[in-house]
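> Residue numbers (my numbering), protein chains in the order written: chain A, 626 to 997; chain B, 626 to 997; chain C, 626 to 997; chain D, 626 to 997.
These are calculated hints, taken from the structure and not from any lab test. One or more of the hints may lead you astray.
Note that identical chains are pooled: a pair holds if it fits in a single copy or bridges any two copies.
To be verified - Cross-link-like lysine-lysine pairs, in silico, BS3-like; alpha carbons within 25 Å at most:
no.	residue 1	residue 2
1	697	670
2	893	853
3	916	670
4	853	866
5	962	734
6	849	839
7	849	996
8	996	956
9	916	893
10	849	893
11	839	990
Protein chains: 4
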Amino acid sequence: MGMIGGGPGAFIGDAHRRASRICNDFELVGGIFSSDYEKSKEFAKNEGISPFRCYENVDALIKNESEMPADKRMEVVSIVTPNDLHFPAAKSLLNAGFHLVCEKPMTMKVKEAEELERLVTVKKLTFAVAHTYTGYPMIRQMKELIASGVLGTIQRIDAQYYQGWINSIIHGTESRITGVWRLDPKHAGASSCMGDIGVHAFNLIEYTTGLEIKEILSDLSPVKNNIKLDLDGTVLLRFGKYLKGVIRASQVCGGEENNLRLAIYGSKASLKWGQENPNILYMLSDQEQTKIFKPAHSYNGPMAEAAQTMPCGHPEGIYEALANIYKGVAKSIRGEKFIPGEFPTVHEGVRGMKFIQSVVDSDKKGNVWVKI
Amino acid sequence: MGMIGGGPGAFIGDAHRRASRICNDFELVGGIFSSDYEKSKEFAKNEGISPFRCYENVDALIKNESEMPADKRMEVVSIVTPNDLHFPAAKSLLNAGFHLVCEKPMTMKVKEAEELERLVTVKKLTFAVAHTYTGYPMIRQMKELIASGVLGTIQRIDAQYYQGWINSIIHGTESRITGVWRLDPKHAGASSCMGDIGVHAFNLIEYTTGLEIKEILSDLSPVKNNIKLDLDGTVLLRFGKYLKGVIRASQVCGGEENNLRLAIYGSKASLKWGQENPNILYMLSDQEQTKIFKPAHSYNGPMAEAAQTMPCGHPEGIYEALANIYKGVAKSIRGEKFIPGEFPTVHEGVRGMKFIQSVVDSDKKGNVWVKI
Amino acid sequence: MGMIGGGPGAFIGDAHRRASRICNDFELVGGIFSSDYEKSKEFAKNEGISPFRCYENVDALIKNESEMPADKRMEVVSIVTPNDLHFPAAKSLLNAGFHLVCEKPMTMKVKEAEELERLVTVKKLTFAVAHTYTGYPMIRQMKELIASGVLGTIQRIDAQYYQGWINSIIHGTESRITGVWRLDPKHAGASSCMGDIGVHAFNLIEYTTGLEIKEILSDLSPVKNNIKLDLDGTVLLRFGKYLKGVIRASQVCGGEENNLRLAIYGSKASLKWGQENPNILYMLSDQEQTKIFKPAHSYNGPMAEAAQTMPCGHPEGIYEALANIYKGVAKSIRGEKFIPGEFPTVHEGVRGMKFIQSVVDSDKKGNVWVKI
Amino acid sequence: MGMIGGGPGAFIGDAHRRASRICNDFELVGGIFSSDYEKSKEFAKNEGISPFRCYENVDALIKNESEMPADKRMEVVSIVTPNDLHFPAAKSLLNAGFHLVCEKPMTMKVKEAEELERLVTVKKLTFAVAHTYTGYPMIRQMKELIASGVLGTIQRIDAQYYQGWINSIIHGTESRITGVWRLDPKHAGASSCMGDIGVHAFNLIEYTTGLEIKEILSDLSPVKNNIKLDLDGTVLLRFGKYLKGVIRASQVCGGEENNLRLAIYGSKASLKWGQENPNILYMLSDQEQTKIFKPAHSYNGPMAEAAQTMPCGHPEGIYEALANIYKGVAKSIRGEKFIPGEFPTVHEGVRGMKFIQSVVDSDKKGNVWVKI
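One chain only, chain A, in its complex shape (with noise of 0.2 Å):
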């Protein structure tokens, strides 16, 4: 396995590391681990690669690592760069035959997003967007709960992200504000709330309901002034005639750490789960006692319990999650056989894109409908 990006600092780069690790179907071998040179090839001596495997740039790597055995070269390369590197990197590598494991949100624009699925198509390669969250025993459990109809009809979605770590910069001086790259739309696209956290929120409700959403109607707010992105908006979603939903996503809400949270409700039962403590999915009814189903239990499905390795009352968190993903890719990349759903594909990548194109386009608009 290779790695774009996740130098010194970067804490998701370093993420995929561990997870990789925890997975142990891959071995980091070598990467572009800065846009310094210097500072990656430093980098790479600390974590014990070879520096003739610490690249200067795309083409480098692609070059020197193609020419090498087929037992020894990169098979997968993690991307994990700021937003605005993911498709170059990714469109060259796939075009090499690479696998990727690309960070979200996955590409600038929709268009691009739709060139990257194309080619992992053409190309028949693997290609795992880092929707994180569907690595979790009990958002695998929602969906394969969904799946097997318990709920009855679906009446209302209800998902929220809230966050409250962009307080401190925004009320912080000038500097700062200018400093953070997913405040600059260079770097960042067309949205910052939406783009970075609203996704996750989209992806788990696309993920584990199976449903598609079809129209949006949005209204943000940069929440201050001399703020270029959203960090902060409500999403009003419809999937049907009748059934309708929201996504509420915020950076700004003080205290919050990573409030991801989602609920489904339907005509016979409804289902509730938050990222903090990822271990618990509540199961309501009106006619019943509310159910708690927890990781490493033999009701749960083949998908959800194949996710915990644990005994039961251990708890595994975000890093086992993404680890989970990585066993999916790992499976499909030898070829064998794996559950829909082990890993969030290049389609959800694409659906991700065009979420927060349609996102930014209703609220430019004026809070209007926005097809998806």
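Please build the complex by placing chains B, C and D on the supplied structure of chain A, with the hints as guidance.
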């Protein structure tokens, strides 16, 4: 105290009677407990109320009670009928000089509500609208904390009111649907979900923050064909240039009981509360530990502190919340000093009616912004 | 209804008055509200009670009330004085034919308790001891579930009652320590912590399981020098050859409010409940999802179901729990059918006294096993 | 790093391997993975370990590894076998100069544990006993808060470790009972429940408070006939004249998963923690709001802060806790500065053995006080 409505099987009437007894400043001496006079008399007898003070209609009540000596006559009347009967009864009673406690929504139309407000002002009477949740100690603590400025600038507001009880009706037989007055526009007014529960969420936002919602955009749903009113909806809120928020309300969230939640996010700290565990108030901040406020502690403000009589750790509930409102009404009638917020005023009732009207308008006009 | 004790500032007396009003089967018509007759009369006046029925002592109360016509006289008396006054008042009142509600611990000595039990039996009177927590819907549901056999063989029992309120007294000035009657053996009896709160934990175990504790071994602590009674302790329990358990109680757990917890573990399923969030009952099992029982659902047993009047999701609290006990007392006095468990009987009071006595004995003898 | 035990199906061995990979300071290069050499070799092959470093016994391992060049040889060995094999392997390896990580209970007898402690001191080696829960950020925060004195005088200590997994075995067939090594004194030692889980509760008390338990009195139960070891018990604790506490542990609490809880009550403040939601630490006080501490906040102490790598709100779990211990071991081996508490020492292992021994002794002698 007298009562109009609240006869056999009406849980709201029973709640008002219990609350007034807990408060211990009132004695139920008469009323009109059912539109069927025989049932009403039967009910009065069971409650130990004199048959001479069980009246056939509002006029008879006013006539007879007005002729009684000052220390015997009904001073205050609780109106707990279906929505369409609130206004005519309230208007007559105010004109005759009775103080009132009135269930919400206060009237069927905004104009009616405004007329009542005018009458209350002119007659200098006490009028409380039954926004029961404002009687909880921790809601009062929210109001007092926000007034103290501890949250900094408010940046986002999110309120939820989810129930599921109507599921068994709408998925039952046709006769069940037609048999529920809340689903019939003639008795319920222009809205079911927003008129019955969304308005509580609206009220708590304005009650706790002291802010006015300026504009709303709503998307409502009847959830099923043949349903004439909204059972589900989301309302986007605007308070000013930067402050936005959302109210989410539904009666079809299967398994939800009475899940009213309120979150107020500020630049310095945030507050979160939920009705089903009402004695817990969370204060979040980015830099400090989350703090849990509970009733009966000296760290609370005076209005919150007065709202629990038991020592800390002895949970009081919704009857005591309503009793706190009755206590405020008693203080007001007696001319004692009281803190604004000790009971929800007729002005809050008017605001609620405007909210319901604008939410229905926005939805009908195609989900556009409407001023409140 | 009459009352002995419960004058100005006594929260327990106030609780009994509120509970009796909520229940609505009783009217407070007289009593002895303070050992100071002037204060008592002042209090009676404020409560709207006739001065002729505010008595100087128990004999005067008995004499005068006994001479009143049957439909006017006090039928039942609530005794809410400090512990040492319970027995003499109760004995006289029972002999005179009054029904009683008595605070716990019922007496100062086991023999006194047994004498009251004998009197109640002989006189065929209704006598309730104020184990208020047995009035909670979910405690009643525990009793009904256990009686149904759903837990299989009970394998372990664990009860906790932790408070911290006495910290500020024992770490305060000497005068604070001497000023609290609960720390004075003359008024409180042989025990503070176990007599005041440990006994509730004991009662809930026997109430919910229907089992008798056979032997105990206790280790108590005064926590500090110069304290004459236990403020903290652990009691090992034996029910039979294999079934053991533990009661943990303390008044020096700083920050704990009224943290009474009960867990009953069976071979097939287990139940867990906590007083501070009393409307939640957890049923655990090794093979199935944890289930959450709540009040006002048709899945509950009849006694639990009758114990909440509000629809589900509307939290009722401790006043309503005590009101449920008063409701049971009213049924019993009227000769209506009632379910055993609707109020805690004089026999439960005797058991409580035996528990307190044996806990103190075990500790004094050097932590040895003592039969109850 | 090498490993002894932890072959196919052994979840503890897998946990140690994952933790060492997360920590990233170790590489598994060899070991003895099963008492069956063929199975061991098969397992090594699957893990990508050289067949030359998969050994038949400890002597062979020591001989071969000792002859390898310093930069290639195993530096540290993880012992994750059944309990009876810990001591002989550990003794030989220490004598040969290997650093060790050893599962708990460290040995079968106190004397053996003391012998290991002596060897570690003499040989100046690093030895960690796998009290995994000490690796959780919030347990480390408890230690740091208590050391700071913020609790005042500690007044009560209460620890619980409840599981239910053994129910299905003891209520199953005879062959299930005899097939579990934990129920066989030859392999498990003198205790099942206290040796396997009670000892963790004991360790967390001494780890977080820095106090030593002086005396204990225990009451254990086999729960059923034909069971040779304790499956359930309560242990009374004495720390000094006034400070007492309790450890409650059971393997027959049906439906409990891994419910380890710790509460330390002080005169000024108290701390409460539970393993199943390990990223939450409550601080209670009589006068102030309850405070919730979470990982990855600057208000935490240095050791707690270093124990989470993800930003706040991203839950880490038990693998990361164990990885934190491996990180401490790595620091110690490298001779880097580390904070006492970064891994549980051989002395903690000795204390654990003494606890188990005295608990068994107290119970056998008829529930009397025994010095630790």
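> Run every hint past the structure and note whether it holds.
Hints versus structure:
1. 697 / 670: Classified as both; 19 Å inside a copy, 19 Å across copies.
2. 893 / 853: between (44 Å within a copy, 22 Å between copies)
3. 916 / 670: neither (50 Å within a copy, 43 Å between copies)
4. 853 / 866: Classified as between; 15 Å across copies, 35 Å inside a copy.
5. 962 / 734: neither (32 Å within a copy, 49 Å between copies)
6. 849 / 839: between (31 Å within a copy, 19 Å between copies)
7. 849 / 996: between (29 Å within a copy, 23 Å between copies)
8. 996 / 956: Result: close neither inside a copy nor across copies, 35 Å intra and 56 Å inter.
9. 916 / 893: both (14 Å within a copy, 17 Å between copies)
10. 849 / 893: The answer is between: 15 Å across copies meets 25 Å, while 43 Å in one copy does not.
11. 839 / 990: both (18 Å within a copy, 21 Å between copies)
Violation of the numbered hints given earlier is confined to hints 3, 5, 8; the remaining hints are satisfied by the structure.
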